[in-house]
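> Dock chain A against the given chain X, drawing on the hints supplied.
As a plain string of letters, each chain reads:
Protein chains: 2
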Amino acid sequence: MKLFGYWRSSATYRVRIALALKGLDYDYHPVNLLKGEQREPAYLEKNPAGLVPALETDDGAIVVQSLAIMEFLEDAYPRPSILPENLAARGHARAIAATLACEAQPFMNLRMQTYLKKTLELDNGAMTAWLDQWPGGAMRAAEKMAAAYGGDYCIGNTPTIADCCLVPQMFAAKRFGIDTTDMPRLTDIYERCMKLPAFEKARPENQPDAAKGN
Amino acid sequence: MKLFGYWRSSATYRVRIALALKGLDYDYHPVNLLKGEQREPAYLEKNPAGLVPALETDDGAIVVQSLAIMEFLEDAYPRPSILPENLAARGHARAIAATLACEAQPFMNLRMQTYLKKTLELDNGAMTAWLDQWPGGAMRAAEKMAAAYGGDYCIGNTPTIADCCLVPQMFAAKRFGIDTTDMPRLTDIYERCMKLPAFEKARPENQPDAAKGN
Numbered sequence: 001m002k003l004f005g006y007w008r009s010s011a012t013y014r015v016r017i018a019l020a021l022k023g024l025d026y027d028y029h030p031v032n033l034l035k036g037e038q039r040e041p042a043y044l045e046k047n048p049a050g051l052v053p054a055l056e057t058d059d060g061a062i063v064v065q066s067l068a069i070m071e072f073l074e075d076a077y078p079r080p081s082i083l084p085e086n087l088a089a090r091g092h093a094r095a096i097a098a099t100l101a102c103e104a105q106p107f108m109n110l111r112m113q114t115y116l117k118k119t120l121e122l123d124n125g126a127m128t129a130w131l132d133q134w135p136g137g138a139m140r141a142a143e144k145m146a147a148a149y150g151g152d153y154c155i156g157n158t159p160t161i162a163d164c165c166l167v168p169q170m171f172a173a174k175r176f177g178i179d180t181t182d183m184p185r186l187t188d189i190y191e192r193c194m195k196l197p198a199f200e201k202a203r204p205e206n207q208p209d210a211a212k213g214n
Numbered sequence: 001m002k003l004f005g006y007w008r009s010s011a012t013y014r015v016r017i018a019l020a021l022k023g024l025d026y027d028y029h030p031v032n033l034l035k036g037e038q039r040e041p042a043y044l045e046k047n048p049a050g051l052v053p054a055l056e057t058d059d060g061a062i063v064v065q066s067l068a069i070m071e072f073l074e075d076a077y078p079r080p081s082i083l084p085e086n087l088a089a090r091g092h093a094r095a096i097a098a099t100l101a102c103e104a105q106p107f108m109n110l111r112m113q114t115y116l117k118k119t120l121e122l123d124n125g126a127m128t129a130w131l132d133q134w135p136g137g138a139m140r141a142a143e144k145m146a147a148a149y150g151g152d153y154c155i156g157n158t159p160t161i162a163d164c165c166l167v168p169q170m171f172a173a174k175r176f177g178i179d180t181t182d183m184p185r186l187t188d189i190y191e192r193c194m195k196l197p198a199f200e201k202a203r204p205e206n207q208p209d210a211a212k213g214n
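Each protein sequence line maps, in turn, to chains X and A. With the first letter of the first sequence counted as 1, position 123 gets the number 123 in the working numbering; the numbers rise by one all the way through. With the first letter of the second sequence counted as 1, position 38 gets the number 38 in the working numbering; the numbers rise by one all the way through.
Pulled out of the complex, with its shape left as it was, chain X reads as follows (with noise of 0.2 angstroms):
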């Protein structure tokens, strides 16, 4: 398999994750968003979205978007799994992931946050009111669903694709300065992936297109 992304991208970063904790071996592609690498025809053919990550399997089918991606693997290779088994917690799972998928990490990302400053001209007064409005809103959601749900991880006492996309958000907010004073739950869920194997493979500082002394 080969894995279009970013080391900075909290999408691709996600995956990586995934790809970890399921003990996958993947050949690493970078795409380097800051040049723009995403917009290159080589790269728009296989994902016409211009967007990391990209998921390109051993038979030449390419998966985007990283749910999407993560769900595949998951199929393709059930075991270990980053779901629970019961339905109900699959369910809580993969709604904690919606949330930090679909209503935090839209909301900070490189292209949204150079519209706000650039095109909005928002100052740091509003870029940090949005944040803690939109990104920090879902956290904050994210933070009562986890600690709704217990166990040592987002759901339960195993790692899953909540606690894929928690790591992240997590590190994207400390990147950005989101407060999270008020997500001990997240945090205790953060701190205890981070000591993790699979978590640590697959740390933005530790890939090959790392930025040094970022």
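Just so you know, the hints here were simulated from the structure itself, not pulled from any lab data. For each residue, glycine too, the CB sits at the ideal point set by N, CA and C. Among the hints, erroneous ones may be present.
[To be verified] Below, computed lysine to any residue pairings styled on SDA-like, alpha-carbon distance capped at 20 angstroms:
id	chain 1	residue 1	chain 2	residue 2
1	X	118	A	116
2	A	118	X	127
3	X	2	X	112
4	A	117	X	133
5	X	46	A	147
6	X	118	A	119
7	A	118	X	115
8	A	144	X	44
9	A	117	X	116
10	X	117	A	129
11	X	144	A	118
12	X	117	A	117
13	A	46	X	150
14	A	144	X	50
15	A	144	X	79
16	A	118	X	121
17	A	2	X	87
18	A	118	X	125
19	X	118	A	46
20	A	117	X	50
21	X	118	A	123
22	X	144	A	50
23	X	117	A	50
24	X	118	A	127
25	X	144	A	35
26	X	144	A	44
27	A	118	X	123
[Claimed, not checked] Pairwise CB distance ranges (calculated):
id	chain 1	residue 1	chain 2	residue 2	range
28	X	211	A	197	38 to 46 angstroms
29	A	195	X	41	50 to 58 angstroms
30	X	158	A	60	37 to 45 angstroms
31	A	40	X	177	27 to 35 angstroms
32	X	86	A	195	35 to 43 angstroms
33	X	129	A	128	18 to 26 angstroms
34	X	129	A	41	25 to 33 angstroms
35	A	126	X	34	20 to 28 angstroms
36	A	205	X	152	26 to 34 angstroms
Frame of chain X; chain A shown alone:
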């Protein structure tokens, strides 16, 4: 089962389509977003995020987030399926669903439009530009994906989770004036879907809480 939702909520509409495609009966519990009923304590007990939809199963479990609810229905009631059989095609269906659910709808729902108009004071021109850039951009990406995959529907010749997301997105795009003339494939699929009884049943106007004259 009980479905808590709002007639004009895109996310609720997706789940209604999935329920109808699977031929599942349910009790519909309207949550009036305009009156703020999603923030009332009784509802927050069901869904602490204060969003619709929420699905309550017969044994009292609650699943939230439309993508998670549709996957739950697929797990619990596999036939008829709203996912293709082929693993890559399942990935493609989920990728279009995620593109619309994560990158189109969150940028144009009621709470976001209120924030853009009231808090950021965007004028009509800036609102139009926003809608074209964000939900419009995600829809154009979905157009390319659906064109690449082919078939009568988003993926192949049977409605899938992708079509469950597409139809509400097209409905919202028409309502808020997003230009869809450069989306012939999505328009064609939308019109084909609207002829099916399951999609007819799920239409916002056909729900008991639909406001008359809107």
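> Starting from the hint list further up, note which numbers the structure goes against and sort them upward.
Violated hints: 3, 11, 15, 19, 20, 23, 25, 28, 29, 30, 36; rest satisfied.
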